[in-house]
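One point on numbering: in the numbering used here, the residue at position 14 of the sequence shown is 912, and numbering is uninterrupted.
Among the hints, a few may not be true.
[Said to hold, decoys possible] Computed cross-link-like contacts, DSSO-like style, restricted to lysine-lysine with a CA-CA straight-line distance of at most 27 Å:
#1 K909 to K959
#2 K902 to K977
#3 K909 to K1011
#4 K1011 to K962
#5 K1011 to K977
#6 K977 to K962
#7 K959 to K902
[Claimed, not checked] Label-pair distances were calculated between CB atoms; the ranges are:
#8 N960 to N900: 34 to 40 Å
#9 Q910 to G984: 16 to 22 Å
#10 K977 to T939: 14 to 20 Å
#11 K902 to K1011: 36 to 42 Å
#12 R978 to I913: 20 to 26 Å
#13 S958 to D935: 17 to 23 Å
#14 R953 to R989: 29 to 35 Å
#15 E996 to K902: 40 to 46 Å
#16 S903 to R989: 43 to 49 Å
#17 I913 to T987: 21 to 27 Å
Don't read these hints as lab results, they were simulated from the structure. Glycine included, each C-beta is placed from N, C-alpha and C at the ideal position.
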Amino acid sequence: MNIKSGLLTMKQNMIVGRHYHDVCVIGPWIYVVGGRDNQRTAAYRCERYHTLADRWELLSKNAKFDLNCTNVSIIAVKKRYIFAFGGRTERRQFPDAERVTRLDTFIPVYGWKMINFQRPTLGYFNEGLIERTCEDEK
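Sequences are here, hints too, so could you generate the full structure?
Structural data, given as structure tokens:
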């Protein structure tokens, strides 16, 4: 929607149409992660949309999401990182343990990195986990 006029306007289509994905916003970018494409296969490649330029782009092949890419939940942290939680496989199976991965959007060519828990048990989440893993980049 055009904020000034209040009118809905057509924007560029995504490169890979998908469902069962998640999105987050960092600056002018809308990041789209995971899901299934129109052929119902896993959409491993991540893409982002520049809201001012009306342009979609695929992230580096190194930044493709892993096996558990459907029904994943993501959040943006510190205007730089995307954290992904959970997800399911293409065969709709859940992972055996809690999974958290992180993408540094400043250098997406490094890809998603697995965050290791100190005590990886189901239902446990370390409150300082996100804060500490962002501090590691300094």
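Status of the hints after comparison with the structure:
no.	hint	result
1	K909 to K959	holds, 25 Å
2	K902 to K977	holds, 25 Å
3	K909 to K1011	violated, 32 Å
4	K1011 to K962	holds, 11 Å
5	K1011 to K977	holds, 17 Å
6	K977 to K962	holds, 20 Å
7	K959 to K902	violated, 37 Å
8	N960 to N900: 34 to 40 Å	holds, 36 Å
9	Q910 to G984: 16 to 22 Å	violated, 30 Å
10	K977 to T939: 14 to 20 Å	violated, 32 Å
11	K902 to K1011: 36 to 42 Å	holds, 40 Å
12	R978 to I913: 20 to 26 Å	holds, 23 Å
13	S958 to D935: 17 to 23 Å	holds, 19 Å
14	R953 to R989: 29 to 35 Å	holds, 34 Å
15	E996 to K902: 40 to 46 Å	holds, 44 Å
16	S903 to R989: 43 to 49 Å	holds, 46 Å
17	I913 to T987: 21 to 27 Å	holds, 23 Å
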